[in-house]
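With the sequences and hints as input, model every part of the structure.
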Amino acid sequence: MRCDDYCPRCGEAEESVTHAIFECPPALQAWSLSDIPSRPEMFPLSSIYANMDYLLWRKKTFDEVERDRDPYPWIIWYIWKARNDKLFKGIDIDPLKLVRFAESECKAWFDANEQMAINSHDNIMDEPQVICLENICMVDGSWSATAMYSGCGWIWKGSGGKTQLMGMRNFIRKESALHSEVEALRWAMESMVQYSPCQHFGTYCKDLIAMVREPKKWPRFATELEEIKTLELCFPDFELLHIPRTQNGCSDSLAKGARCFHRSLCYVGCSIPVWLPKPSQV
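Everything in the sequence shown is counted per my numbering, starting at 995 for the first residue and increasing by one.
Just so you know, the hints here were simulated from the structure itself, not pulled from any lab data.
Take the hints with a grain of salt, since some may be wrong.
Okay, derived cross-link-like pairs now, BS3-like style, lysine-lysine, Cα gap no bigger than 27 angstroms in a straight line [what the hints assert, rightly or not]:
no., residue 1, residue 2
1, K1091, K1080
2, K1168, K1211
3, K1210, K1101
4, K1168, K1156
5, K1223, K1210
6, K1210, K1168
7, K1223, K1211
8, K1168, K1200
9, K1075, K1091
10, K1091, K1101
11, K1101, K1075
12, K1156, K1200
13, K1200, K1210
14, K1200, K1101
15, K1091, K1168
16, K1200, K1223
What follows is the structure, given as structure tokens:
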């Protein structure tokens, strides 16, 4: 049985995956109509590996806005669906309509996941919130599906609420945002054992508090939570408290700064060094 190799959308004699997704004129028009920055010498190219490398990592160099809701997976999928619609149904899909639909599907997916997270938090018993930020280590993790690294940050506030020490670190991107929160707490606890007598920790992630309290309900995190339980033995008065996001801005900025740093980073000090981008809240 002979199969035709031509492109059903433009008639190119030999169709490849790279051609269908990145080089076919309707596909090229879709990429140019999207918000994803493109340059003739950078993207799209004739290599699928170079194109995916650009979408996953390199485009952030040219994109002025950090995109936590990047629609490119949806654009790829709907370009492929448009190709099949032309081949099997004879339907031409307008590139602008394709891009707008892909962006709306991307937004709907992220909104649905955020709503699930909100509902999960609502089902957790309200945690006592810290009113006076004294003698506490505030921690935070930062994660993005398109970033090379995950980041974590912590700030130790001593008597009077004065910042005594801070830390920021990145590591190869974890499996999820919650994995990054667990890693942030683990590293903060290790740091407090080494540098501080602090016994109390604060986070605005209610799922993290629930995990530490009832680790058996989170079997997916069994290894990480076992490390946390081992570290708890070093803290006779250990407590993990809930802090509103508005009061945890400093550690949040440190974590995001570490995630966005261009190479491996691990820093502990009393202030942000001059060679690091200084978060606005610190």
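Results for each hint:
Of the supplied pair hints, the one linking K1091 and K1080 holds, its CA atoms being roughly 15 angstroms apart against a limit of 27 angstroms. Between K1168 and K1211 the CA atoms are separated by roughly 20 angstroms; this keeps the pair inside 27 angstroms, and the hint holds. For the hint pairing K1210 with K1101, the CA-to-CA distance comes to about 33 angstroms; that exceeds 27 angstroms, so the pair is violated. Of the pairs offered as hints, the one joining K1168 and K1156 is violated, with about 32 angstroms between alpha carbons and a cut-off of 27 angstroms exceeded.
In summary, the hint linking K1223 to K1210 is supported, as the alpha carbons are separated by about 12 angstroms, within the 27 angstroms threshold. With a C-alpha separation of about 21 angstroms, the suggested pairing of K1210 with K1168 holds against the 27 angstroms cut-off. The straight-line distance between the Cα atoms of K1223 and K1211 is roughly 14 angstroms, inside the 27 angstroms bound, and the hint therefore holds. At roughly 19 angstroms between alpha-carbon atoms, K1168 and K1200 fall within 27 angstroms of each other, so this suggested pair holds.
About 13 angstroms separates the Cα atoms of K1075 and K1091, which keeps this hinted pair within 27 angstroms; it holds. Restraint check: the Cα-Cα separation between K1091 and K1101 comes to about 15 angstroms, which is no more than 27 angstroms; the hinted pair holds. Annotation: proposed proximity of K1101 to K1075 holds, straight-line Cα distance about 19 angstroms (limit 27 angstroms). Between the alpha carbons of K1156 and K1200 the distance comes to roughly 25 angstroms, so the proposed pair stays at or under 27 angstroms and holds.
The straight-line distance between the Cα atoms of K1200 and K1210 is roughly 16 angstroms, inside the 27 angstroms bound, and the hint therefore holds. About 24 angstroms separates the Cα atoms of K1200 and K1101, which keeps this hinted pair within 27 angstroms; it holds. Restraint check: the Cα-Cα separation between K1091 and K1168 comes to about 35 angstroms, which exceeds 27 angstroms; the hinted pair is violated. At most 27 angstroms may separate the alpha-carbon atoms for a hinted pair to count; K1200 and K1223 meet this at roughly 18 angstroms.
Of the hints listed earlier, those the structure fails to meet are numbers 3, 4 and 15, in rising order.
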